[in-house]
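S.K.: Use the sequences and the hints to build the structure in full.
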Amino acid sequence: MSGIDLALKDAQETDIVIPIMGASGAGKSSFINHLLDYLGSTRERVQVGEQLVSCTSQLESVIVDGLTNDWERIKGHRIVLVDTPGFDDTYLGDFVILQRIASWLAESYRKKMVLGGVVYLHDISQDRFSGTARRNLEMFNQLCGDSVLDRVVLVTSKWGKVVGRNLEKREGELKSNHWNTMLLGGARVERLVAGREGESAWRIISSILDGVEGRMRDAIKFKGLEIQRELVKRHKFLPQTHAARELRNQLQQMLESQTSQMLVLEADAQAGDAEAKAQLQEQETKVKKMAEQIENLKITFPKRFARLKMVIEN
866 MSGIDLALKD
876 AQETDIVIPI
886 MGASGAGKSS
896 FINHLLDYLG
906 STRERVQVGE
916 QLVSCTSQLE
926 SVIVDGLTND
936 WERIKGHRIV
946 LVDTPGFDDT
956 YLGDFVILQR
966 IASWLAESYR
976 KKMVLGGVVY
986 LHDISQDRFS
996 GTARRNLEMF
1006 NQLCGDSVLD
1016 RVVLVTSKWG
1026 KVVGRNLEKR
1036 EGELKSNHWN
1046 TMLLGGARVE
1056 RLVAGREGES
1066 AWRIISSILD
1076 GVEGRMRDAI
1086 KFKGLEIQRE
1096 LVKRHKFLPQ
1106 THAARELRNQ
1116 LQQMLESQTS
1126 QMLVLEADAQ
1136 AGDAEAKAQL
1146 QEQETKVKKM
1156 AEQIENLKIT
1166 FPKRFARLKM
1176 VIEN
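Quick note, the working numbering runs 865 ahead of the 1-based positions in the sequence shown.
Bear in mind the hints are in silico, worked out from the structure with no lab data behind them.
This structure is a prediction, so every number in the text was calculated from the model and none was measured.
All the pointers check out, no bait thrown in.
Each computed DSS-like pair below joins lysine-lysine, with the alpha-carbon atoms no more than 27 Å apart:
#, residue 1, residue 2
1, Lys874, Lys1098
2, Lys874, Lys1101
3, Lys1153, Lys1142
4, Lys1086, Lys874
5, Lys940, Lys977
6, Lys1098, Lys977
7, Lys977, Lys1088
8, Lys1101, Lys1088
9, Lys1088, Lys1040
10, Lys1101, Lys1086
11, Lys1142, Lys1154
12, Lys976, Lys940
13, Lys977, Lys1101
14, Lys1098, Lys976
15, Lys976, Lys874
16, Lys1163, Lys1151
17, Lys1026, Lys1040
18, Lys874, Lys977
19, Lys976, Lys1086
20, Lys1086, Lys977
21, Lys1163, Lys1101
What follows is a list of derived Cβ distance ranges for each label pair:
#, residue 1, residue 2, range
22, Gln912, Lys1151, 25 to 35 Å
23, Glu878, Ser1012, 18 to 28 Å
24, Glu909, Gln1135, 51 to 61 Å
25, Gln1117, Met1081, 36 to 46 Å
Here a beta-carbon is modelled for each residue, glycine too, at the ideal position from N, C-alpha and C.
M.R.: Pasting the structure below:
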């Protein structure tokens, strides 16, 4: 991670961490800004990208004080909202995104910051459940793991972006198809209501704080995300984690698809098609980048041996 994150530098064991995740353009930064506006916070707002171009290449943590005073056991605890990049960033490779998310989450776990819950945003105005949406959801599942699904809130955003479409039907399809397994595992669905986004965001965060209060009252042990437990408790290298394996599989499939497309473009380029030649060069760049990411997601024998030695010694 480049730079020093203020929330990690000044970490407190009473801090309640709430990562905000989802694909680029789902409204993660806007969710935080709507919440800050609703609360009347004077804090500088998070930068918001235009359409599907992400401004969140680095993780940005937002520390909010004074939100927990209405709860008994968590009164005075700080809230740390974590604005995360999607796994479809315009400027960064997915491997770098995974590194940054995993690094922040692992460090917060080492510092014993409390995972309050996770908010996953999905743009309900999208016409279909795209490949990008599917890839981000799969990565989210692997980062979280099944054991913390009761702390996951699946939030549909951008209800006011389109008119004349049956968005309720689309929401129902998400629940019955793409999100069904997560809902059965304890996750729940909420909406960012059009025109009342700030109020909706606060209702969602409040419900997460209710859960933290309840777990403290009932003396229930706080669990970390799967990626946190893998990296910190099980001493895994990042390429050994479930999330890294999922990303490697995704990239491998994309690489095979891109390679097939290149064969067609190569034939057209050799026939003198200038447009095909330009597209071929673009594809070659993408394929090279994917191959590099796949290689980074492999774990070498020296690394395996070093990790085994460390585990034995500890």
